[in-house]
Each structure stands twice: as C-alpha cells, then as structure tokens.
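Visitor: Chain residues, written in single-letter form:
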Amino acid sequence: MIGALVLALRILLVLALYAFLGWAIWTIARDLKRAGLQAKPRDIPVIRLEVRTRSGQAVSRAFTQPEVTLGRDPVCDILLDEETVSARHAKLSYHHNQWWLEDLSSTNGTNLNDARLNTATVLTSGDEIRCGNTHLIVSLGSDIIVPITRKL
Amino acid sequence: MNDQRESRLIALAAVFLFLYSAILTLAPAVREQSLNVAFRLSHWLGFAAWLLLAFLAYRVTSRLLPDRDPYLLPSALFLSGWGMLTVWRLDSGFGLRQALWLGVSVMAFAFIAFFLNDLNFLRRYKYILLSAGLALTTLTLFLGINPAGAGPRLWLGCCGVYLQPSEPLKLLLVVYLTAYLADRLPASPNFFPLLWPTIFATGIGISLLLVQRDLGTASIFIMLYTAILYLATGRGRVLLAATIGLIVAGLTGYFFIDVVRTRLDVWINPWSDPAGRAYQIVQSLLAVANGGTIGRGPGLGSPSLVPVAHSDFIFSAMAEETGLAGTFGLFAIFGLIFARGLIASLRAKDRFRRLLAAGLTAYLGLQALLIIGGNLRLFPLTGETLPFVAYGGSSLLTAFVALTLLLIISNQTDVEPVPLPSPRPYFFLAAALGLGLVAASLTNTWWSVIRSSDLLARTDNARRSIADRYVKRGSLLDRNNQPIDATEGSSGSYKRVYFYPELASVIGYTHPIFGQAGLEASLDDYLRGLQGNPSSLIWWDHLLYGTPPPGLDVRLSLDLELQRRADQLLGDSTGAIVLLNAHTGEILVMASHPNYDPNKLDKIGASLAKDSTAPLVNRAAQGTYPVGTAAVPFYSTLGEVNAPPAQQLQTLFEKLGFYTTPQLSLPVAGAAPKNETANLQVSPLQMALAAASLSNSGVRPAPRIALAVDTPQQGWVILPAQTPPVQIFPADAAAKAALQNTLQNKIYWEWTGSANSPKMPVTWYLAGTLPNWQGTPLAVVVLIEGNYPSIAQYAGQELIQAATKP
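Chains as they are written, first to last, in this note's numbering: chain B, 4 to 155; chain E, 8 to 813.
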C-alpha cells in the first residue's frame with residue numbers, strides 16, 4: 004500500500020525533473036523561433052513616391068527593397084539632381100513593420116509635412132517629404148505587396 | 008521575462024526537491040512494509056534551507072543582474088539541492104554541513120554580484136589572485152590535514168571548518184589564464200614566447216598537486232590549460248601536444264606512481280580484484296545496476312555500500328536511487344549549464360569575458376564528466392567532486408563562484424558581441440562536452456539495463472543479504488512438515504534460526520558475511536522467492552521495494568526423528584550416515600560428524616574454515632572414501648564370490664554409479680574418473696544408492712532431498728528427481744545378492760567392509776531391507792573414519808531397526 008503510494012511519488016519525481024528540463028527547452032526553443040522569425044526576410048509593402056521637382060515635373064516610382072536612399076549622388080535610388088540636395092540626403096527604410104524616414108545629416112535638412120526631421124520617423128500614406136526644393140508624396144501600397152527580391 | 012522564467016524553473020526544482028524529501032520521509036515504511044516505523048524527518052531542514060537560499064539567490068539576480076541568462080541559476084540550484092538531499096540521505100551530519108556550505112555559497116554569490124560585478128578587477132589582480140591560491144595550496148604541504156582523519160592531507164582549517172585550496176585554485180587558474188591570454192595574445196603574431204608565464208604558473212600548480220598526490224586535480228589542470236589555450240589561439244597543435252603530454256604523464260605515472268597504477272589497472276580490469284583494489288568501482292557499478300530504469304527511489308537503495316558515496320561516488324548513489332530516468336535528467340541539466348555557459352561566452356562583449364566564460368564552462372564540464380565517467384568506469388577514477396552536487400564545502404563554493412561569474416558575463420542586453428576570428432575551438436569544446444554526456448548516458452544504460460541482472464547476481468552484492476533482513480525467507484521443513492530452520496524476528500531485523508543444528512553440513516547456512524552453503528544455497532531461489540512465485544509478483548515487488556517477494560517454504564525428504572536417532576548413534580565418531588528410501592531415492596537421514604552450530608556463525612564462522620576436522624564438509628555427500636571390501640556384496644550379482652578381474656570390476660562399478668555424480672539439489676563430490684578401480688573413492692551417498700539397488704529389485708534409484716515447494720498459487724508443487732532410476736541388475740540377481748548377506752531372523756541384509764587407504768582406514772557398513780519386505784524398502788550406509796567395525800555395525804543396525812519399526 005505504502006509501496007504503491009511511494010511508487011506514485013517516484014513517478015511524480017521523475018515528471019518534476021523532466022518538467023524542469025522540458026520548460027527550459029521549450030522556452031529556449033521559443034526564443035530560437037522568435038529569433039528565426041526576426042531574421043527571416045519579410046514581405047515589404049511597396050512604397051510609391053511621387054517626386055515633384057521645382058520645375059513641376061512629376062515622376063512616380065515604386066520600390067520593394069527595404070532601403071531607399073535619396074540624394075544627388077548617382078548611386079542613390081532616387082536621384083535628385085539639384086543643388087539644395089546633399090549627396091546622400093535622406094533614407095527610407097523598412098523595419099519593425101514600418102517604413103521609416105531618416106535624414107542623413109544633410110546640409111539643408113529634410114522636412115516631413117513641413118516639420119524639420121530630427122530623428123527617424125514612421126511614414127504613412129499621403130505624407131509629404133521635402134528635400135531642398137524637391138517634394139515627394141508618399142503612398143504606401145498595402146494593397147500591392149510584392150515579395151522582396153534580393154538586391155544584387 | 009527573465010525573472011519569470013527563472014522563478015518558474017526554480018519553482019519546478021522546488022517541486023522536485025519536495026517530492027524527493029517526501030519519498031525520503033516515507034522510505035523506512037516502504038522498506039519494512041509497515042507504518043509502524045521511525046520516519047525520516049531531519050532532511051526537511053535541508054529542504055527549508057534550500058527554499059530560503061533559492062529565494063534569496065533569485066532576489067539577488069533579479070535585482071542586480073536583470074539581463075542574466077535565466078537558466079544557469081535554476082540549474083545550479085536544482086543540482087545543489089538534489090546533491091544536498093542525497094548527501095543528507097547518506098549521512099545527516101554531512102547533509103547539515105552541506106546545507107550550511109550552500110548558505111555560504113549563496114552569500115558569496117550575493118557578495119560578488121553586489122560588489123564585484125565589474126570583472127575587470129579579476130583582470131587587474133590576476134597575478135595576486137593566482138599567487139594567493141598557490142600560496143594557500145603550498146600551506147597544505149606544511150599545515151595540511153584531512154578532516155576524515157586519514158588519507159591525503161589536502162585541507163586547511165580548524166575547528167570543524169575546512170577548505171581544500173586546490174578547489175579554488177582551479178578557478179583562479181582559469182581566471183589567470185583567460186585574463187593573461189585575452190590581454191596579450193592579440194598583440195603578438197609570434198605567440199609562443201608569450202606562453203612562458205602561463206606555463207610557469209600552471210607548472211607550479213601541477214607540481215604542488217603532484218607532491219600532494221592530488222592527481223585528479225593535476226590532470227584537470229592540464230586539461231584546463233589545454234582547453235583555454237586552444238580557445239584563445241585556435242591552433243589544433245595545442246590539442247595534439249596536450250594529448251601526447253597526458254599519455255606520457257599517464258604512462259610515467261603508471262610505472263612510477265602506485266596510485267596511478269592502481270587506478271589504471273582497476274579501470275582496465277576491475278573484475279580480477281573486486282574485493283581489493285577494485286572494490287570501490289565494482290560496488291559503484293553494482294549500485295548503478297541496482298538503479299535500473301527508474302531507480303529504487305530516494306532512501307530505498309543501498310548506496311552507502313559504496314565507500315565515500317557522499318563525495319566521490321555521489322553519482323552512483325543518485326543512479327541507484329533515481330535510476331536512468333534520474334541520471335539522464337542529471338546529464339541534461341549539466342548539458343543545459345554547459346550550453347548556456349558557451350552561449351554566454353559567444354555573446355560576450357569583450358575577449359576576456361568570452362574566454363573566461365568558455366574557460367569556466369570547460370572547468371565545470373571537464374570536472375563533471377571526469378567524475379561521472381570515473382563512477383561509470385568510462386574513464387579511470389579520479390577523486391574529483393561532482394560540481395554543485397557532491398559533498399564538500401570548497402567544491403560547492405568554487406562552483407557557485409564560477410556560476411556567479413558566468414551570470415555576470417551573461418548579464419547584458421543587445422550588446423554587439425566582440426568579433427570571433429576562429430569559432431572552431433568553441434564548437435569543438437561544445438562538441439566534446441556533448442559527446443562526453445552522450446558517452447556517459449550510453450555507459451550508464453549499459454550498466455543499469457543491459458548488464459544489470461548479471462551484476463546484481465554477483466555474490467559480492469551485499470544488497471541480497473540486506474534484502475534478507477527485510478523480507479521473510481522461506482523455511483526448510485522435514486517430510487512431516489516439522490521446521491528445520493526458519494527466519495524469525497520482524498522486518499528490518501530478520502534472522503535465520505536453525506532448530507536442528509546437527510544438520511548444519513547438509514542444510515548449510517545463509518549469513519550476511521559468510522554467504523550461503525548447503526541446501527540454503529542450492530534452494531536459494533525458492534527460499535528467496537525468486538522461483539515459484541508468479542513473475543509479475545517478483546517484478547512488482549522489485550519495482551516497489553527493490554526486494555524479492557516473501558520466500559517459499561521447501562519440504563525436504565529428511566525425517567527429523569530418524570535423523571535425531573542417527574546423530575545419537577554416530578555420536579563423536581567422525582563419519583557419515585545415509586538412510587534412503589530404496590524405491591524412491593528420498594533421503595531420510597543424512598548425518599555428517601563432526602558438525603557445527605550455524606546459529607553461532609557470527610562467532611565461529613571465521614575459524615570454521617580453518618578447523619582441521621573440516622566440520623563444514625558434508626561427509627555424506629561431499630566426502631569420498633576408498634571402496635575397499637565394501638563392494639563385495641555386489642560381486643555375487645556377477646555370479647562370483649571373489650574379486651572379479653579389473654575389466655569386470657570396472658563394468659560393475661559403472662553400473663553401481665560409482666563413476667557418475669549423483670544429481671541432487673545439494674553440493675556433492677564429483678565422481679571418480681572411469682579407469683579407477685583399485686583406488687576408487689566414492690561418497691557414502693553413492694554407496695547408499697548402490698546398496699539401494701539390492702533392496703529395490705536391481706533398480707538404482709535417483710536421489711531426492713527437496714520434495715516440494717509451497718507456492719502461493721498452486722499449493723505444494725512437487726520437485727521431481729533430476730535423473731530417472733536405472734535398472735542395473737536383474738531383479739533375481741539383486742535378490743540373490745541380498746539374501747546371501749542376510750543372517751537368520753533378520754529382516755535386512757547387511758555387510759561390514761573396510762578399506763585401508765594410505766591416509767587412514769575407513770569402515771563401511773551397508774544394509775538394506777530384503778526383497779520380500781512388505782514395508783518401505785530402505786537402504787542405509789554408515790561410514791566411520793578409522794577402523795571401528797562394531798560402531799559402524801551397531802549404528803547401522805539400530806538405525807534400520809528404528810526405521811523399519813511399524
């Protein structure tokens with residue numbers, strides 16, 4: 004009788020030991036999964052920029068890569084060939100599920116909706132970006148999601 | 008999130024330890040299978056202390072180290088609690104000390120976390136720290152003591168508090184090596200000259216340990232030095248050089264240092280000297296084997312049979328009481344510590360921290376694997392302690408300091424890890440530790456599952472005689488169910504009592520020190536309940552109590568009344584009497600004089616084996632004596648009166664069974680080789696079986712002594728004779744031979760023969776009932792050492808008359 008009771012306790016003892024290990028391993032596995040998800044390339048919503056130069060020309064361009072640079076330098080994704088624009092003026096980047104606008108210490112600064120940009124800021128559709136004398140209108144295509152392609 | 012994980016893991020550890028304590032409390036009741044016992048309670052004090060200290064340690068980490076690794080502390084607390092309760096179970100005095108040392112360790116942990124959590128002080132004062140460690144170790148050469156009284160004097164201290172400086176020295180060596188190498192190595196492309204200080208420091212340490220004969224720690228030093236150098240430089244040559252160095256050191260030690268030689272010898276072949284030099288390791292393997300799959304349960308094994316179970320052999324104690332299920336968990340917890348230690352190392356923000364964390368992990372890992380492997384005979388035994396688990400204040404404190412350093416290193420948020428030029432040594436260390444744990448698991452499975460039953464059946468497994476104290480052994484009864492011996496007392500103090508000690512040489516004995524002999528040995532499986540009981544019952548009792556079920560009674564063919572008469576008749580003569588049922592072969596009397604009192608075995612046991620009168624020998628079955636003229640009554644079955652020629656004699660002796668060993672559940676003498684006639688020696692039992700053929704129409708019966716066993720399910724089950732009876736003469740030839748040797752008015756034939764062996768003369772008396780006898784056919788043989796025909800004749804005649812009396 005007491006033997007059977009103690010046998011039950013012994014089985015519980017083993018279960019407690021493995022519950023400890025199981026819980027530890029489960030949480031480690033969960034961490035790994037989360038880290039894996041963060042590292043996994045995400046689908047990036049298309050960002051569409053309507054570029055209006057001072058001369059009134061309007062060009063619309065769409066991007067699916069996680070980083071878009073603006074500037075006078077020809078390597079920039081959006082080339083703004085204007086004197087008031089710095090070589091590498093500003094950057095649009097997609098992380099933490101948002102598109103962010105960041106000024107790259109440009110000479111004349113970057114304005115978002117007529118406010119001077121000091122720190123990286125989240126963009127929404129209809130925002131207006133001004134770099135020097137160039138205006139850009141943002142439209143985020145949540146409806147058009149294009150899977151990211153690797154940049155060569 | 009860290010806090011939540013850590014607290015939940017500590018809570019699970021607490022549940023485990025609570026259950027462990029609860030089982031330990033109930034263990035005496037399970038052992039004695041009764042509730043009327045003294046329950047074990049003192050270890051609850053240890054459990055309470057653990058709870059308090061675990062809570063304290065948790066508060067310290069969550070306050071001071073918010074971003075530490077959440078797995079390290081619970082694992083260490085789990086191991087130290089498990090270890091402390093195991094030590095407590097083995098010896099409550101040591102357990103209390105271990106609980107106090109756990110308190111000191113947690114205080115040290117809090118102190119370091121509070122005041123010294125900037126590890127740069129280690130880096131700055133590395134030389135001072137190492138020198139202090141070396142100085143303390145040097146002091147043991149002059150002031151060293153051993154708290155146990157005898158043995159290597161590796162401790163410093165007084166008044167009941169002792170420190171073994173070689174334990175912290177390991178840690179200080181790791182700190183020194185990692186600090187030095189982290190500072191110097193990147194600066195110089197030519198690294199060999201930089202190593203001289205480290206070789207010097209490690210060399211001093213190793214020499215000190217060699218002088219003290221602390222060889223286990225010395226080998227750990229070599230391995231740690233190798234591991235850290237390899238981690239720091241990433242050069243494979245380091246490993247090669249160290250392997251060669253260890254082999255050379257091992258061989259040198261083998262030829263010049265006795266301890267090393269002993270350790271290596273018993274590692275390679277422990278079975279050749281299981282009672283001497285290999286006693287510890289063989290007992291350790293027996294303990295592991297007794298654990299089996301789920302173990303005997305806390306408090307229910309017999310781990311204290313292994314010498315120093317609380318320190319060097321704590322692993323085998325845990326393996327015995329928690330089984331494979333427990334040790335696999337233990338390995339996994341160690342694996343968790345190793346993995347988290349290495350992760351902390353790879354995530355560290357500077358080279359020193361990275362190297363230190365890896366070095367500390369290597370220190371904990373190597374030491375744990377060495378001693379676990381030593382307990383399992385995977386490696387030669389080194390007298391190291393199992394970190395966090397084994398008894399020993401210095402070891403526990405050192406392990407906790409190492410843990411604290413690991414926790415401090417792991418305490419950082421999203422810092423970019425310092426670049427790692429060659430990650431290979433880290434993977435190599437991880438693989439080595441992982442492989443070590445896998446090898447330990449496989450070896451453990453080998454001993455506790457595959458080889459378990461072989462090991463447990465060994466005669467040096469004292470668990471059998473411990474089980475005898477707690478489980479009632481079956482009785483031996485005579486043919487009228489009169490007890491010959493029985494087990495008396497109550498569970499926990501059962502003792503074998505022999506009611507008719509004159510039968511000692513036949514019945515034998517079962518004794519915790521002297522083992523078993525006679526029928527007690529040959530019928531052990533029935534008497535112990537391992538045979539005759541349903542196998543499910545045997546399995547269930549083994550699972551619940553670790554013992555066989557209650558033993559079964561065995562009924563013998565002996566007749567106590569006739570036996571008593573035979574013993575009186577034989578008196579002080581040296582000799583034997585066998586009386587058997589000539590038809591069935593059942594042995595009614597088997598007397599052998601001189602004999603001894605098995606009830607007094609405690610006192611006389613040691614001198615019995617040396618007694619020149621050989622009282623332990625059962626002269627009736629194990630003694631052999633020259634045949635001489637005792638064979639004459641059988642000659643007439645060949646139609647001759649005088650001695651027949653050798654060829655015919657050999658055929659006759661073969662028929663009489665003088666060349667065949669009687670098959671009986673009793674130790675008997677082996678038969679003589681076939682070509683022997685003139686100097687042939689036979690046992691009185693063989694002679695009695697031959698004589699029986701004259702009273703049984705020429706059929707030589709098969710002997711029987713164990714008649715039946717009282718099983719719980721089917722009642723008395725007959726134990727049949729092991730061989731069939733043999734017709735050796737025609738019935739009329741046997742009758743003629745019997746009648747030739749019959750005096751008028753007697754109801755039995757008889758013959759007195761003698762033999763003059765070179766050593767001593769012997770007297771035979773043979774008799775048997777006549778063919779026309781209406782009752783049970785009987786045959787009797789009396790053998791007296793010496794020339795005493797009248798004594799032999801008188802004893803035989805009286806006995807057969809008593810036996811044939813209606």
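Rather than coming from a laboratory, the hints here were simulated on the basis of the structure.
Values in this document were obtained by computation on a predicted structure and should not be read as measured data.
It is possible that part of the hints are untrue.
[As the list claims (entries may be wrong)] Pair ranges (Cβ atoms, derived): (1) B:N136 with E:R431: 35 to 41 angstroms; (2) E:S214 with B:I14: 48 to 54 angstroms; (3) B:L82 with E:R431: 41 to 47 angstroms; (4) B:G39 with E:G499: 57 to 63 angstroms; (5) B:I14 with E:L52: 37 to 43 angstroms; (6) E:G499 with B:Y21: 29 to 35 angstroms; (7) B:G39 with E:I152: 54 to 60 angstroms; (8) B:Y21 with E:R431: 30 to 36 angstroms; (9) E:F435 with B:D117: 46 to 52 angstroms; (10) B:G39 with E:L42: 51 to 57 angstroms.
[Claimed, not checked] Reference listing, derived: stretches of chain E covered by chain B, where coverage requires no fewer than 3 residues with Cβ under 8 angstroms from a Cβ of chain B: (11) 36-42; (12) 687-699.
Glycine residues also receive a C-beta, built at the ideal position from the N, C-alpha and C atoms.
Visitor: With 37 to 43 angstroms as the target window, see if B:I14 and E:L52 comply at their CB atoms.
Guide: violated (26 angstroms)
Visitor: Taking 29 to 35 angstroms as the stated bounds, is the beta-carbon spacing between E:G499 and B:Y21 within them?
Guide: Given range 29 to 35 angstroms: holds, Cβ gap about 34 angstroms.
Visitor: How does the Cβ-Cβ distance of E:F435 and B:D117 compare with 46 to 52 angstroms: does it lie in that range?
Guide: violated (60 angstroms)
Visitor: Between the stretch 687-699 of chain E and chain B, are there enough contacts, at least three residues with CB-CB distance under 8 angstroms, for the coverage claim to hold?
Guide: violated (count 0)
Visitor: For the range 41 to 47 angstroms, tell me whether the beta carbons of B:L82 and E:R431 fit it or not.
Guide: Once the Cβ atoms are compared, 46 angstroms apart, the range 41 to 47 angstroms for E:R431 and B:L82 holds.
Visitor: Could one say that the CB atoms of B:G39 and E:G499 fall in the range 57 to 63 angstroms?
Guide: At roughly 59 angstroms between Cβ atoms, E:G499 and B:G39 fall inside 57 to 63 angstroms, so the hint holds.
Visitor: Does the Cβ distance between B:G39 and E:L42 fall inside 51 to 57 angstroms?
Guide: holds (55 angstroms)
Visitor: Count residues of the stretch 36-42 of chain E with a Cβ under 8 angstroms from any Cβ of chain B, then say if the count reaches three.
Guide: holds (count 4)
Visitor: For B:G39 and E:I152, compare the CB-CB distance with the range 54 to 60 angstroms and indicate the outcome.
Guide: holds (56 angstroms)
Visitor: Honestly, do E:S214 and B:I14 meet the 48 to 54 angstroms range at C-beta?
Guide: Given about 51 angstroms between the Cβ atoms, the range holds.
Visitor: Given a hinted range of 35 to 41 angstroms, is it respected by the beta-carbon distance of B:N136 and E:R431?
Guide: Violated - the Cβ-Cβ distance for B:N136 and E:R431, about 56 angstroms, lies outside 35 to 41 angstroms.
Visitor: Taking 30 to 36 angstroms as the stated bounds, is the beta-carbon spacing between B:Y21 and E:R431 within them?
Guide: holds (33 angstroms)
Of the numbered hints listed earlier, those contradicted by the structure are 1, 5, 9, 12.
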